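Trainee: Starting from the two chains in their separate frames, assemble the complex, guided by the hints.
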Amino acid sequence: MSSWLDYTINGLIVGNVYALVAVGLALIFGVSRLINFAQGSIYLVGAYIGWVAVVQLHTPLPLTIIVVAVAAALVGLIIERFGLRPLQNSVRIAPLLATIGISFVLDQLVMLTFSPNPRALPSQLPDVRFQIGGGTIEPLDLLIAGVGLTSALLLFVFLRYTKLGWAVRATAQDRDAAMQMGVDVNRVNQAVFGIAAALGGVSGLLVGMYYNQIDTAMSLQATLKGVVAEVVGGAGNVPGAVIGSLLLGLVESYGVAAFGTSYRNLFAFLLLVVVLVLRPNGLFASARQAPPEPLTGTFIAPSRPVRIPRWALLVVLGVFAILPLLPVSLYVLQTLINAWLLGMLALSLTLVAGTIGQVSLGHAALLAIGAYTSALLSLTFSVPVGFAIIGGGLMSAALGTALISPSFRLRGHYVSIATLAIGEIVSLVILNWEGVTRGPIGVSGIPPLSLFGYELISPTSIYWFSFVVMVVLALLQARLLGSHLGRSFRAIRDDDVAARAYGLSLNRYKSLAFIFGGFAAGISGGIAAHLYSYINHETFNTQQSILALTVVILGGLGNVVGAVVGSVALVGLPEVFRIAAEYRILIYGIVLLLLVRFRPQGLLGTI
Amino acid sequence: MTSNAPDPLLTLSGVNTFYGQAQVHFDLSIKVARGHIVCLLGGNASGKSTTMKIILGLVKPRSGDVSFDGASLLGLTTPQIIRRGIASVPEARRLFADMSVRENILMGAFVRNDRDAVAQDLERMLALFPKLGQRLSQRAGSLSGGEQQMVAMARALMIRPRMIVMDEPTMGLSPLYVDRVLELIRTINQEGVSVFMVEQNASLALEIAHEAYVLQTGKIVLSGSARTLKDDPRVRDAYLGGAEAA
Chain A
1 MSSWLDYTIN GLIVGNVYAL VAVGLALIFG VSRLINFAQG SIYLVGAYIG
51 WVAVVQLHTP LPLTIIVVAV AAALVGLIIE RFGLRPLQNS VRIAPLLATI
101 GISFVLDQLV MLTFSPNPRA LPSQLPDVRF QIGGGTIEPL DLLIAGVGLT
151 SALLLFVFLR YTKLGWAVRA TAQDRDAAMQ MGVDVNRVNQ AVFGIAAALG
201 GVSGLLVGMY YNQIDTAMSL QATLKGVVAE VVGGAGNVPG AVIGSLLLGL
251 VESYGVAAFG TSYRNLFAFL LLVVVLVLRP NGLFASARQA PPEPLTGTFI
301 APSRPVRIPR WALLVVLGVF AILPLLPVSL YVLQTLINAW LLGMLALSLT
351 LVAGTIGQVS LGHAALLAIG AYTSALLSLT FSVPVGFAII GGGLMSAALG
401 TALISPSFRL RGHYVSIATL AIGEIVSLVI LNWEGVTRGP IGVSGIPPLS
451 LFGYELISPT SIYWFSFVVM VVLALLQARL LGSHLGRSFR AIRDDDVAAR
501 AYGLSLNRYK SLAFIFGGFA AGISGGIAAH LYSYINHETF NTQQSILALT
551 VVILGGLGNV VGAVVGSVAL VGLPEVFRIA AEYRILIYGI VLLLLVRFRP
601 QGLLGTI
Chain B
1 MTSNAPDPLL TLSGVNTFYG QAQVHFDLSI KVARGHIVCL LGGNASGKST
51 TMKIILGLVK PRSGDVSFDG ASLLGLTTPQ IIRRGIASVP EARRLFADMS
101 VRENILMGAF VRNDRDAVAQ DLERMLALFP KLGQRLSQRA GSLSGGEQQM
151 VAMARALMIR PRMIVMDEPT MGLSPLYVDR VLELIRTINQ EGVSVFMVEQ
201 NASLALEIAH EAYVLQTGKI VLSGSARTLK DDPRVRDAYL GGAEAA
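Residue numbers (the UniProt record's numbering), protein chains in the order written: chain A, 1 to 607; chain B, 1 to 246.
Hints may be right or wrong, so weigh each one.
[What the hints assert, rightly or not] Some chain B residues close to chain A (C-beta under 8 Å, calculated; not the full set):
no., residue
1, 58
2, 78
3, 79
4, 82
5, 83
6, 88
7, 90
8, 94
9, 97
10, 98
11, 103
12, 108
13, 110
14, 111
Everything labelled a hint here was simulated from the structure, so no lab data went into it.
Remember, predicted model here, so these are calculated numbers, not experimental data.
All C-beta atoms in this analysis are idealised placements derived from N, C-alpha and C, irrespective of residue type, glycine included.
Just chain B, same shape as in the assembly (with noise of 0.2 Å):
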């Protein structure tokens, strides 16, 4: 599928997944190379987000297997998982609304316990983040959706993850955030994390994904490299202003 990648820190293989009755994953195989972004794309209902709570152990499939470096996912809790080393960025962001900026961006260290190393952490994030340092103490509920989205993705950092999973990361922010967060995310990724993101605008995570996976009503329909799907006219048609989604 993915051409030259180095070996797969994250994979997913034969996933089938269901809600009750109703079938939401159809042998859903995914792979995450290590150090790269990877990209979910696909409209309402294609199972996206269920992708996600499978990686976090927050919805468990029927059948197949979540492994990430090496071992499986499927035995463990949401926690464990988190402590394995990767960290969420929430649809919607998720934060803890009555929680000041600081807390929040400290509750992603929840699973550490090296004091002096979190300080420090935290020192990185308002560098890399400096607009949360003047609003440390506010409560996080108050924040516009972008900087929201920044403490969202400060606290997922404050885990050193090795990888990221974020949840349409772009969603609902103002164009001038939406170009930010994506540059953060390659800031991010070049400092070694390997990135996996759901995302229903295309165009934008092409941009700077290094390969990405199609999902269409619990399928893969299409997978490859970034820049080949870009230019692939099924993907154009379905989701980058061609004809409306198949």
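Excised from the complex, chain A in its bound form (with noise of 0.2 Å):
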């Protein structure tokens, strides 16, 4: 066992690598505001160059850092310049959306060109160690100590000394007013993107040195942490995301010594959540700061939805219900079957994200958390399986909104932080929780749908099933928004400050409104478990929330109908068009940015 004086200097190490990560993010959200979710594919950009570099041009290290600190900062210009700029007009969810469809892009760009198979990425430097009281150091510690305390005494030279400097800080505090001084905001962005960007991609090269290792799943957490660490340092604040990157790194570091490494990511988004219920504006921040959040209104594309004669609708239905009975193929059937389910959880987030306005980034989490409580109801207390997958909806409507409930007083992008953060928290517990979800293995067996006793085995009667399932639940969401609870919830959304002036209670609806969608969603999972018969902890991930809010953003946030059209284009035309898995994920990514851009309202427009 290492002794307490490593971990100590292993959790600073670790933190001065987050640190690169969460500056750039908070430098970015001092001055527009914004959370960069695509700050940790910089991360992964940097983290391959660097490979190039060194595996394949054998460039020496002070080289290798300045190619990859450069070539960062070019992607992260491109980013502002052509991901963001155009959306400066845009509703405020705008640019947060654009910079996690960025992310999906750049992401499976890397996979595609690298694969997705892990590289070793050789720190160039010699292999000694000194020892140090009972703890060992090693060149790379002291490498990355080195660059973190060299980045952050230029960035306070910059900020402090140079004119560009001031204009990013004057920007972050009144950006009007810096306009009328005659700063150029494009400017103060483009240079607060590349900084980031270097820092980042930085921070991935020198995190593949410390691990000996690369690969693409490093995006996701890149961010996630760098997030966390800002959030906990206070948002837009520097010195408070270096503070809070240590804090990150240390609290990790201890973590895995006492529980183990499996433990370290659940330490990590812990800690993010009781920062963000107890002191939502950081650990340093003064109390006269205002919530960087706007109070009110402008989170969702207002639009007029588009309508559709019910007649239509019926002739659809009617289609689609007696589909199973033309010469279809069973390749159509299996499609669709997934489209329902996605559907299901579509039409959970749209009323979430798009009828009370909490735009949830972790809505697979409802999904993993109706689907264990089925799998194992129906494996482990032999509940029959109709019953359990009712079971696995009931629990995560229950689960579901206790986990969320702490963040209710939350607004904006923090509501979006804190359900990314309780996914991976759900998804964390689900795989250390051994005694009853079977750890890493995960649940297999499970046995297949049935109802009343018969089992549901032929795809044309899970056709049926699951779109039976899903209809009756989109026809008792449509009842509720047009319901005086479907008028409080659009309330909330566009205006909580009035909404409670006029006696709304702000946590009772938004639990409402979990509650209904925790079921759908917990209904779509449980579906899904019996369906797979196999499931485990990474079966309903990150990517599948996103691939939710972008379905949700397609069909029009808010509208039942389109999150079904929305399900069906999505898993429908890359079959259409034979796109192979591999390019799915970017398709989406593509789609997202598209929507983002061109038609934020969606297809059938928000409601």
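Mentor: See the structure below:
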């Protein structure tokens, strides 16, 4: 067992790496009030450019660092110029969604170029160790600490003593006033993205060398860790981000020391949730600071929903209902079963994100809760599958709402961060709680779908089952939206201060929305578990959460018919065009980007 | 409109502005003569602040023209307009709260590159606003409202503007500071800087202005020299404590 000093050194070194990511996030948030979800992708790109430089071009270390910093900065500049600047006058959620789309595109491009297999990234440093007290330090530790300190110093000098640095600080404090002093805000944005990307890229390089391995899964992890560190330090607060990063590194390292490696991320996300709930402005924010979020309104693109005549809906429903009787291939039925399952998840998300305005990025966790509950109920307690699935829905509704409820006081981007973290926590608890969830082995041998003792094994019966369940959920939700309750939801979305002033209890309505949404998602997860017969903690991952979000935006936030149309489109079209699986995520990312840019209200319009 | 004034420095002609479907300005025409103080009066939601934003290029009109010293400002970005010599004292001052007073004042000279002259101008500002001398290294956000207004005015002057636009410079200030600010505006004006200010407090504004315009729901309903407007019964009724605003 290593000494505590070793864990402390390790925590500080890892914290240094996080700091390089988090400082960039803080700069960007400061200037444009945007959480850049593409930061981890730049880190990934940095790691792979470093790999090319080291392994193929054999560059010496200082040159490698410079190459990575410059190349990553270029990527950052391109993202700013073409991904985000066109969205300056869009709804506030647009740039956030754009960075999610950009990160999907970048990650997939790296994966397609370099394959998803991990690669070794040698550190080029002499393999010696220094003993200090009871701890060990390697040259790489010193390099990382040196890069961290140098970057912090350079950044301090830049912000304090250069004209552009002043412009960055002024813009962060009051964008309009800065413009009225003659500051070109676009140049400030550019500078900030360039710096953030350079730091992020170098961070990826250093991490690759530290673990002597890089792979494409690094991206999301880096974004998450950076966001945690930044929020802990106080969004937009650059020194806070450094301290938050070191704190995060130490918490993780001690957590690993006490409980084992698989607990590392759990501690990170628990730290985030605790800080979000207790001090949403970060540990170092003073009380006077106003929350950096808009108080009201403009989160959803306003639009007039497309009116579809009732008879047309009925005709389309009828066609899908009798589809298995028509001469269609099994392949079509399988595809549509997937679409109906995704449709249930989308119904849930469109209610939570669209109708009541809580843009959840962790919705797959609700699937996981439903799936595990239903699987374990039927396996361990021999509950009939039909009831087990309903049990999954109820558990997802109850547990999902309970988990998210501490975050009800948060707004805007913070809701998205909290839901993302809670989603990760659910997955990590499933991984670590072996006594109940069977841990990393997963649950296998889940009984197939059955209803009143009849097994539903033929694709036709599964098709009808999932279709009917989805239609029933959709009808319930449509009814809900037209009711007084639906209006209250939308009132809270459009102006939570005004809604509260009219006596609406925000927590109650948010709970109701998550209960209903959790039920629909849990049912979807439950059905999926019995279809797949095997699930583990990665079956329902963040990619699915983002896919659901893309579906919902495609259909039009809050739009029930839109959620279903979006599901059929995003599941069906890649099949129609026979797009290979590895390109699908790329396509989803591009669809998300195009939607945000050209049709933020979606195909059928927001409601 | 304005009697025997020298040729105008700033001209708004036939400006129509919209926020989405809603029209804010209806055929708005305003002239600011060189060396004059011109005041735009109006109640809430009359379109006053939008007029400021039009001049500064933060909002673009749908039709009409804004010209400064004979050249149109319409195609220019806000920073470009600032470089032409228009400085702004925004509504509610809008200081950079976490930067020091010194940094705030120097931010005003952001577009200038003549370091030595900037340093001299900083000294001039401290002479004009002696109180700020002791506050230079303090956080701007920690100052009182009146002191913040001084910083905002010093910041605007640092660009060596030909014209200053001010959005409600007396709003939220104690009576003592209101007088002080008006006096300073007069001083600045006497040094040759034209002033365009938006005010709700008509009686105060008319004290120091040369000309004034009255804006009501996006239309100019009255204009003329400050002296005549002060005695105009319609202004008296609307703004100087007669009947409630029309």
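Trainee: Each hint should be assessed against the structure and marked as holding or not.
Mentor: Hints and how they fare:
The criterion of a C-beta within 8 Å of any C-beta in chain A is met by residue 58 of chain B, whose closest approach is roughly 7 Å, and the hint holds. Annotation: interface hint on residue 78 of chain B holds; nearest CB of chain A at approximately 4 Å, less than 8 Å. Below 8 Å, beta-carbon pairs count as interface contacts, and residue 79 of chain B has one with chain A at about 4 Å; its hint therefore holds. The interface hint given for residue 82 of chain B is met, as the beta carbon of that residue sits about 4 Å from the closest beta carbon of chain A, less than 8 Å.
Contact between residue 83 of chain B and chain A, as hinted, is supported at the beta carbon level, the nearest pair being about 6 Å apart and thus within 8 Å. Taken as an interface hint, residue 88 of chain B checks out: its beta carbon lies about 4 Å from the nearest beta carbon of chain A, inside 8 Å. Restraint check, residue 90 of chain B versus chain A: the minimum CB separation of about 6 Å is within 8 Å; hint holds. Among the interface hints, the one on residue 94 of chain B holds; its C-beta lies about 4 Å from the nearest C-beta in chain A, closer than the 8 Å criterion.
A hinted interface residue such as residue 97 of chain B counts as satisfied when its beta carbon comes closer than 8 Å to some beta carbon of chain A; here the least separation is about 6 Å, so the hint holds. For residue 98 of chain B, the suggested interface contact is upheld, since its CB lies about 6 Å from the closest CB of chain A, less than 8 Å. Evaluation of the residue 103 of chain B hint against chain A yields a held restraint, the C-beta minimum of about 7 Å falling below 8 Å. At about 6 Å, the closest approach between the beta carbon of residue 108 of chain B and any beta carbon in chain A falls short of 8 Å, and the interface hint on this residue holds.
Given the 8 Å rule on beta carbons, the hint for residue 110 of chain B holds: about 5 Å separates it from the nearest Cβ of chain A. Proximity of residue 111 of chain B to chain A holds as hinted, the smallest CB-CB distance being about 4 Å (cut-off 8 Å).
Violated hints for the displayed structure: none, as all numbered hints are satisfied.
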